[in-house]
Amino acid sequence: DTAVSQTPKYLVTQMGNDKSIKCEQNLGHDTMYWYKQDSKKFLKIMFSYNNKELIINETVPNRFSPKSPDKAHLNLHINSLELGDSAVYFCASTPSTGQGSYTFGSGTRLTVV
Amino acid sequence: GEDVEQSLFLSVREGDSSVINCTYTDSSSTYLYWYKQEPGAGLQLLTYIFSNMDMKQDQRLTVLLNKKDKHLSLRIADTQTGDSAIYFCAETTNSGYALNFGKGTSLLVTP
Chain A
1 DTAVSQTPKY
11 LVTQMGNDKS
21 IKCEQNLGHD
31 TMYWYKQDSK
41 KFLKIMFSYN
51 NKELIINETV
61 PNRFSPKSPD
71 KAHLNLHINS
81 LELGDSAVYF
91 CASTPSTGQG
101 SYTFGSGTRL
111 TVV
Chain B
1001 GEDVEQSLFL
1011 SVREGDSSVI
1021 NCTYTDSSST
1031 YLYWYKQEPG
1041 AGLQLLTYIF
1051 SNMDMKQDQR
1061 LTVLLNKKDK
1071 HLSLRIADTQ
1081 TGDSAIYFCA
1091 ETTNSGYALN
1101 FGKGTSLLVT
1111 P
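Heads up: the protein sequence lines correspond to chains A and B, in order.
Here the first sequence is numbered in the numbering used here, starting from 1 and rising by one per residue.
Here the second sequence is numbered in the numbering used here, starting from 1001 and rising by one per residue.
Don't take each hint at face value.
Claimed, not checked - Here are the computed lysine-lysine pairs in the DSS-like style, where the Cα-Cα straight-line distance is at most 27 Å:
1. B/Lys1068 - A/Lys40
2. A/Lys36 - A/Lys19
3. A/Lys41 - B/Lys1103
4. B/Lys1068 - A/Lys44
5. A/Lys40 - B/Lys1103
6. A/Lys52 - A/Lys19
7. A/Lys9 - B/Lys1103
8. A/Lys41 - A/Lys9
Unchecked claim - Examples of chain B residues toward chain A, derived with CB under 8 Å:
9. Tyr1031
10. Tyr1033
11. Pro1039
12. Ala1041
13. Gly1042
14. Leu1045
15. Ile1086
16. Ala1098
17. Lys1103
Said to hold, decoys possible - If you want a taste of the chain A side facing chain B, the calculated C-beta under 7 Å gives, among others:
18. Lys41
19. Met46
20. Leu54
21. Val60
22. Phe64
23. Phe104
24. Ser106
25. Gly107
Just so you know, the hints here were simulated from the structure itself, not pulled from any lab data.
In this text, a Cβ means the ideal position worked out from N, Cα and C, and glycines have one as well.
The following block holds chain B by itself, in its conformation from the complex (with noise of 0.2 Å):
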């Protein structure tokens, strides 16, 4: 299948924000999600978004799609050292609710 785009490395000092970018490639998705992996761990949702929405906050994450150039972007605001981890973009396929994930981006957050 096509490949979700994301960088895959980031790095930002503490207490800036951070801008996580993603190209999905079903323009038929329904949703779009972010998830969380924190070394050696397993994935933790961080939010997801409807199609039919251009922008989601929540606490310091904003999630904003562009359905258009089919873009997903993740903010995270006044990044902490904790928050260093890899964050996966992936978007619903038409195959039987199945997810296509990109390869992830890793952040590193620097004190």
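Same shape as in the complex, but just chain A (with noise of 0.2 Å):
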């Protein structure tokens, strides 16, 4: 069973598209985030989600916007996409202690044309 998965693995779109990646989590964990690698590989926070309450929101253009329906999922909407959005984001998720068991989903490589 995979532990945080994300869906789609790969998304090509034109810019100015809107598009969603979507994350879900079955360890029970009560907090979930968004990370974006870039394509020189450095990792940057986005997001952050505790029971399904907004705890993190780094400096990202508000054409971001997360949606958590409920604790194990975290979805990332992407409005009027650009060609600087290109990267691979990843969604992870953690305990409600916030450290320890921290753990990554295997990405969604977004290509914007």
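With the hints in hand, could you dock these two chains into one complex?
Here's what the structure looks like:
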């Protein structure tokens, strides 16, 4: 059983489109995250939700909107996609203590053309 | 924010030990992590260490933590070609449990 699963694994889309990435975890964790890995492999936090409540919102364009329908799911919706949004997006989860078992999904490679 | 520093590249021969070093920034970090990323793959949690520990060993992996110098290292014994990957060091932050990552060390294991 996959602990943190993301869909789709690959996403190729044109500039200006709107797209969503879904994430689900079956670990019973309370906190979920979105990270972005750029072309130089640098990883940076974007958002964090704890029990469906937003607790981190880094400097990310407001075209990016996370949504957490329940504590097992955290989706990422991106409006008006730009070339610079091309990256690998990773979902992660942790217990409510936020530390220790910090598990990542396998990533979604987004390519904007 | 401040940077977690790692050397960018390390090359070792198969069978040798590899040591990947990391300098972190936040002395209040409670957990420090090592992740492995193979080409085109996700982030695999290798190990983590709690800040009140000096050392943690898990099979071929040994993590050493020097809190005074804010230095973390990962030693891989008997390195294999399958260990070739990028290794990321990460620290917890005060910002809602987010991780602050280093830029990764590319480990190349040659036969």
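- Query: Once the shortest beta carbon distance from A/Phe64 to chain B is found, is it less than 7 Å?
  - Reply: violated (16 Å)
- Proposed interface contact between A/Phe104 and chain B, which counts if any beta carbon pair is under 7 Å: holds (4 Å)
- Item | Hinted pair A/Lys41 and B/Lys1103, Cα distance within 27 Å | holds (7 Å)
- Query: Quick one, is the B/Ala1041 hint okay against chain A at 8 Å, beta carbons?
  - Reply: holds (7 Å)
- Item | Evaluation of the interface hint that places A/Ser106 against chain B, nearest CB under 7 Å | holds (4 Å)
- Task: Sort out whether A/Lys9 lies within 27 Å of A/Lys41, counting only the CA atoms.
- Result: holds (17 Å)
- Item | B/Leu1045 as chain A interface residue, shortest Cβ-Cβ below 8 Å | With a minimum Cβ separation of about 6 Å from chain A (threshold 8 Å), the hint on B/Leu1045 holds.
- Task: Let me know if the C-beta of B/Pro1039 comes in closer than 8 Å to any C-beta of chain A, holds or violated.
- Result: This interface hint is violated because 11 Å lies over the 8 Å limit.
- Closer than 8 Å between Cβ atoms is the bar; does B/Gly1042 clear it against chain A? Give me holds or violated. holds (4 Å)
- Task: Hold the hint about A/Lys41 up to the distance rule: shortest CB distance to chain B must be less than 7 Å.
- Result: Holds, because the Cβ-Cβ distance from A/Lys41 to chain B comes to roughly 5 Å (cut-off 7 Å).
- Message: Holds or violated: A/Lys36 and A/Lys19, Cα atoms, limit 27 Å.
- Response: Holds, because 16 Å separates the two Cα atoms, which is no more than 27 Å.
- Message: Does B/Tyr1031 hold up as a contact with chain A if the rule is Cβ-Cβ below 8 Å?
- Response: This hint holds: B/Tyr1031 lies near chain A, its Cβ roughly 4 Å from the closest one there, short of 8 Å.
Checked against the numbered hints above, the structure breaks hints 1, 11, 19, 20, 21, 22 and satisfies the rest.
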